[in-house]
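Chemist: Modelling step: build the complete structure from the supplied sequences, incorporating the hints.
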Amino acid sequence: MCAAAPHPAQNPQGSRGSLEPGAAAREALPESAIAEILALRSKYPTLEALTLPALHIAQRVSGGWLPEAAIEAVAQVLELPVARVAGVVSFYDMYHSRPVGRHRIRVCTNLSCQLRGSSEILETIATELAVGAGEVTADGRCSFVEFECLGSCDTAPMIMVDDDYHENLTPERVRQIVRELK
Amino acid sequence: MTGERVLMRNVGRPEARTVRGYREGGGYDALAKALRLQPEEVIEEVKRSGLRGRGGAGFPCGSKWSFVPRQSPKPKYIVCNADESEPGTFKDRLLMEHDPHQLIEGCIIAGWAVGANTTYIYIRGEYTKATRILEDAVRDAYDSGILGSNVMSSGFRHDIIVHRGAGAYICGEETGMLESLEGKRGQPRVKPPFPALVGAFGCPTVINNVETLCCATHILLRGADWFKAIGTDERNTGPKLYAISGHVERPGTYEYPLGVTFQQLLDGCGGMYRGRELKAFIPGGASAPIMLAADREIRMDFDTLAKAGSMLGSAAVIVMDETTCMVRAISRLARFFAHESCGQCTPCREGTHWMEILLHRIESGHGSEADLDLLARVVPNVGGISLCALGDAAQGPVRSLVQKFGDEIRANIRAGRYPMPLQRHFDQGAAA
Amino acid sequence: MPTLTIDGRTVEVAAGTNLIEAGLKVGVQIPHYCYHPRLSVVGQCRMCMVEIEGMGKLQAACSTQVMKDGMVVRTNSTSADEAQRAIMEFLLINHPLDCPICDQAGECGLQDYSYKHGQSFSRFRFDEKRTYPEKERIPLGPTVMLNMNRCIQCTRCVRFTEEIAKTSELGFFERGAHAEIGTFPGKPLDNPLSTCVVDICPVGALTSTRFRFAERVWYLDKKPSICTGCDAGCNITLEHKAGSIKRYKPRQNPEVNDFWMCDYGRSTHERYRDLPRLAFPQIRRNQALQATGWKEAIDHLAHNLRSRRTEGAIAFLGSGFLSTEEAFLLTKLATAVDSPHRSIWVDSGPTRHIPNLQGGITGHDAAPNRRGAELAGLIPAPGALASEDLLLEGAAAQCGALFVADSDFGRAANDAKVVERLREARFLAVMGWADTLLARAADVILPVATHAERAGTFVNSAGRIQRFERAFPAPPQVRPAVEVLADLLSRFDTKWSTVTPATVFDLMAEEVGAFSGLRYREIAAEGTRLSGLSDGRPPAATDSAAARPAGPGT
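Chains as they are written, first to last, in this note's numbering: chain A, 914 to 1095; chain B, 6 to 437; chain C, 1258 to 1811.
Simulated from the structure, these hints should not be mistaken for laboratory data.
Quantities reported herein were computed from a predicted structural model and do not represent experimental measurements.
Built from N, CA and C at the ideal position, the CB exists for glycine as well.
There may be inaccurate statements among the hints.
Computed footprint of chain C on chain B; a stretch qualifies when at least three of its residues, placed anywhere within it, have a C-beta under 8 Å from a C-beta of chain C [what the hints assert, rightly or not]:
1. 344 to 351
2. 354 to 361
3. 382 to 394
Under the rule of at most 25 Å between Cα atoms (straight-line distance), these lysine-lysine pairs were calculated in the DSS-like manner [said to hold, decoys possible]:
4. B:233 - B:79
5. B:52 - B:312
6. C:1480 - C:1498
7. B:189 - A:956
8. C:1314 - B:312
9. B:312 - B:189
10. C:1503 - C:1480
11. C:1314 - C:1325
12. C:1479 - C:1503
13. B:196 - C:1314
14. B:52 - B:189
15. C:1325 - B:196
16. C:1506 - C:1480
17. B:189 - B:38
18. C:1314 - C:1373
19. A:956 - B:134
20. C:1386 - C:1373
21. B:284 - B:409
22. C:1392 - C:1373
23. A:1095 - B:134
24. B:79 - A:956
Computed far set for chain C versus chain A, every beta-carbon distance over 10 Å [what the hints assert, rightly or not]:
25. 1271
26. 1497
27. 1778
Modeler: This is the structure in structure tokens:
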């Protein structure tokens, strides 16, 4: 037999489950990160609007990617259904639901960069790191992906390493950049 | 032809990133002037200027502002579209990195005009440097009494919140942006209702591109007549930023009166890369149908390009020389659109994917002429019936490829020339 | 109200009505997948593109509202037709076309619209079909299986869990051609209404774990019925093959269950498959039950009801599974032997809530017809033996004869202690369909039709009387309870010799105030709200059954 049907009013969205699992989920994020998220409250008329900034924060404090526990924690803090938050995570290219390297390289291969040699840049990075796109080097140092236009077409070819743009690249220059990543 | 730099006047003046430095160059005078006018007068001035949106659609800015109800029981919002993601486009990044206060000033003016006390600047997540600079500038503006509860002692309250995206082209679409701002997947909404009535958080909202808001600043300061005098005609007015990339000697952002010819742009950036021949160019970002070398004298304004079957779009000009494999070039754009389709509506979700498959097949040497014929028949179904403009955008470049390069592609298929050899850029000597 | 023209037919609709609904009013069916009248309008499948005079582009009918007079809509113009054809092609290029093994086959939106709007050839290379590797059989929860390859991303299911069930287990993930639906790890689709997502899935992406591979749907016979899982009274379609029930599906009734029903209700037909059945009349002779004929069994029972009056009370114990007509005849029988001891036993069930536009309907009982049975007269007079006296306090020992109808009235029917108490009556008769412990204790057994094998009415928790139809005939030796009870009554009063549920109901309506003015054939398809009844329990019931007993085992 199945359990009693809940009356909708008694089962508001986002507050499923008892307190304990909620508390456990929140533990996936440091208190300081939760405080940083909730400090944004006054900037938006809804709690849900904090989703993107909260995921940026959660990803930053979780080693550059979003483990399931971190997604659940964000859902808990923002009182949202976790499936919805996970749907948001999977929608945006900058959120990662799988581990990434300590340094994340995004190689623009869109048309302007393609016209200026991005395929050779990509090739160089793949050879240098000896892993495929989306994979992490054995030492956890780097991962790289092909990326869509990063809005730096006048300095093509270019890559983004972590938060910084590296522009007007040549294979030699990019080799040097990759080697200098610790 | 380059004339006065208006929008780019503070490029190369790092001190303009502070309120003090910006004011030294006449900054915030436009806002002060606007605050002395009635909001209706501000809207009227912008309407009269003929300013059309610089983000891609070219919608008249003053009209957009006037659609917002004067009286509203709900708060109203300005959302600045700084999600510059159209391949080939990088002009807004320049404006934000070099002259953040020009944008802030434009936001507050728009807020005053429509009665909005809050602006969200939705900036693409990858623009970390521009975000930092904008956030610093916003803080400075609060500290200087430019933002906050009493803007320039006028009694008007205005807040600006810099909101980072997270990597999704579709969030540049107005309602996709609103969904994203609200914390959801950036899936465009069914329209109507239009954002002017039901926008961010269900409230009346104006969404303007960065460059559009920057233009508004100058219109207020120097008047609609001054603005109107620049450009091709009364429907194509004002200064314009052109972002030029690809096979040219000096790619970059260039400011010209709206309606400069492509040839003038090309000359302005040092001509073709390594002196090669022009093969084709995309005049307005990845969504704009391709133009041919023979079109080089065309005026780069909204109406002339539309008449020629393409569009000004974001004025991102991608130049391709004689060595370019057109199928590879457009195949890359098709892959982009397939990757960026939000996935909710059928023609875009399935159609962009199908176009990508067909183009890849030809590019990689596995295609036949029948594939090209099929592509030609599939393409029209992708646009027109999609939920938002992405479907139309995605089919534009592919349609023009089939139309303008069909014979060339057919000949190449027959001669077994695909896949074309990769153009090496960095062979010894060339890298220097 | 604005007037518009659709395919040449003019119709007046309330302002704000969308074109799909407006079309339905004049018999124009505009094809659609993502639109559902109870879910938010997302306009994303683009199947419902129509031409509207004066508008340059085709418009989605679902998201176009009629606001003012004079709109002229064409759903079958060349351009609308081309658009629909294009959408069909797009939807099918990546669809697996595994119809021969797909449960949805026969009731599939893709099949139906392909027939009407599709083309007969494919322009897509099969080897390039997008697939979701290892996502052909994903259990989303205990009741629903997902085959992602068949999904057309209409997101009805996602919206259902967000907007109707309000449990939000389902999400929309990834984007573009890789967009998919699913759950978050560790948070399965598990809510009382979960199987509704199978009903609203227009394709074979979501199938019911209960019904998967049970039967090809075109072999199923369908009858309108009422769920017996509780007293909410959900309208259902009973689907069976040659008398074997395969599934219950909700049948729309905006006043009751709207488009929905609960998972528990869907499972309730399984008792007819799982419980042993009473197949022929039996009489206890020399301690043992022996098969007998109907005439003999009825004569035997009538004789005992008459003759045992000297030995003690003659008590009648009905159940909430009786139809209103059966309950009325049982009441008549009690009257015929001058017995005030008539009551019903109803197990209380978990509260079940089904949302509808008015907020919803709630069931509390574990049987469908407490209110109908009580209105029909199965209420003990003050001082008479009530069901709780018989079951809980062992008052059966005071009975000369006890007639229990039906054999499956609740958990007590298989509770040895309770059966022992009831057995203390000098004579025990049991009418019913299930071979329970209680039936086996009886002196006479009258095997009757199951819910699917009879017709009649129930009165739900909100006081709405609803009719259900017979789906298939009872087995040869088994008779509908209405006939059996009338046969019994005829031993006391000849006017009752031949009856149908309709004739019983119409006679009852002449006698019982709650039904006055109603006729069986005139009960509306969506049921009829009985006037003068409050929501909840009928006032008459409050005397004797004020404290509803907690049933054994609760």
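Chemist: Hint by hint, note whether the structure agrees.
Modeler: Taking the hints in turn, this is what the structure says about them:
1. With 8 residues carrying a beta carbon less than 8 Å from a beta carbon of chain C, the region 344 to 351 of chain B meets the three-residue requirement, and the given coverage holds.
2. Coverage of the region 354 to 361 of chain B by chain C holds [criterion: at least 3 residues with CB-CB distance below 8 Å; count 6].
3. With a cut-off of 8 Å between beta carbons, the region 382 to 394 of chain B has 7 residues touching chain C; three or more are needed, and the interface restraint holds.
4. Between residue 233 of chain B and residue 79 of chain B the alpha-carbon distance is near 35 Å, which puts this suggested pair outside the 25 Å criterion.
5. Only pairs whose Cα atoms come within 25 Å are accepted, and residue 52 of chain B paired with residue 312 of chain B is accepted, the gap being roughly 23 Å.
6. Taking the CA atoms of residue 1480 of chain C and residue 1498 of chain C, the gap is near 11 Å; set against the 25 Å cutoff, the hint holds.
7. Between the alpha carbons of residue 189 of chain B and residue 956 of chain A the distance comes to roughly 17 Å, so the proposed pair stays at or under 25 Å and holds.
8. The straight-line distance between the Cα atoms of residue 1314 of chain C and residue 312 of chain B is roughly 19 Å, inside the 25 Å bound, and the hint therefore holds.
9. The hinted pair formed by residue 312 of chain B and residue 189 of chain B fails the criterion: a straight-line CA distance of about 37 Å is larger than 25 Å.
10. Proximity of residue 1503 of chain C to residue 1480 of chain C is assessed by CA-CA distance (about 12 Å); at most 25 Å being required, the pair is judged to hold.
11. For the hint linking residue 1314 of chain C to residue 1325 of chain C, the alpha-carbon distance of about 19 Å falls within 25 Å, and the restraint holds.
12. Taking the CA atoms of residue 1479 of chain C and residue 1503 of chain C, the gap is near 10 Å; set against the 25 Å cutoff, the hint holds.
13. Restraint check: the Cα-Cα separation between residue 196 of chain B and residue 1314 of chain C comes to about 13 Å, which is no more than 25 Å; the hinted pair holds.
14. At most 25 Å may separate the alpha-carbon atoms for a hinted pair to count; residue 52 of chain B and residue 189 of chain B exceed this at roughly 33 Å.
15. Between the alpha carbons of residue 1325 of chain C and residue 196 of chain B the distance comes to roughly 17 Å, so the proposed pair stays at or under 25 Å and holds.
16. Distance check on the hinted pair: residue 1506 of chain C and residue 1480 of chain C sit about 10 Å apart at the alpha-carbon level, within 25 Å; holds.
17. Of the supplied pair hints, the one linking residue 189 of chain B and residue 38 of chain B is violated, its CA atoms being roughly 38 Å apart against a limit of 25 Å.
18. With a C-alpha separation of about 23 Å, the suggested pairing of residue 1314 of chain C with residue 1373 of chain C holds against the 25 Å cut-off.
19. For a cut-off of 25 Å, the pair hint linking residue 956 of chain A to residue 134 of chain B stands: about 22 Å separates their Cα positions.
20. A distance of roughly 24 Å separates the Cα atoms of residue 1386 of chain C and residue 1373 of chain C; the hinted pair therefore holds under the 25 Å criterion.
21. Taking the CA atoms of residue 284 of chain B and residue 409 of chain B, the gap is near 11 Å; set against the 25 Å cutoff, the hint holds.
22. Of the pairs offered as hints, the one joining residue 1392 of chain C and residue 1373 of chain C is violated, with about 30 Å between alpha carbons and a cut-off of 25 Å exceeded.
23. A threshold of 25 Å between alpha carbons decides the hint, and for residue 1095 of chain A with residue 134 of chain B the separation of about 22 Å falls inside it, so the pair holds.
24. As the CA atoms of residue 79 of chain B and residue 956 of chain A are separated by approximately 16 Å, the hinted pair is consistent with the 25 Å bound.
25. Its beta-carbon lying about 26 Å from the closest one in chain A, residue 1271 of chain C satisfies the requirement of being farther than 10 Å from that chain.
26. Interface exclusion of residue 1497 of chain C from chain A stands, the closest Cβ pair being 23 Å apart, more than 10 Å.
27. No Cβ of chain A comes within 10 Å of the Cβ of residue 1778 of chain C; the nearest lies about 34 Å off, and the non-interface call holds.
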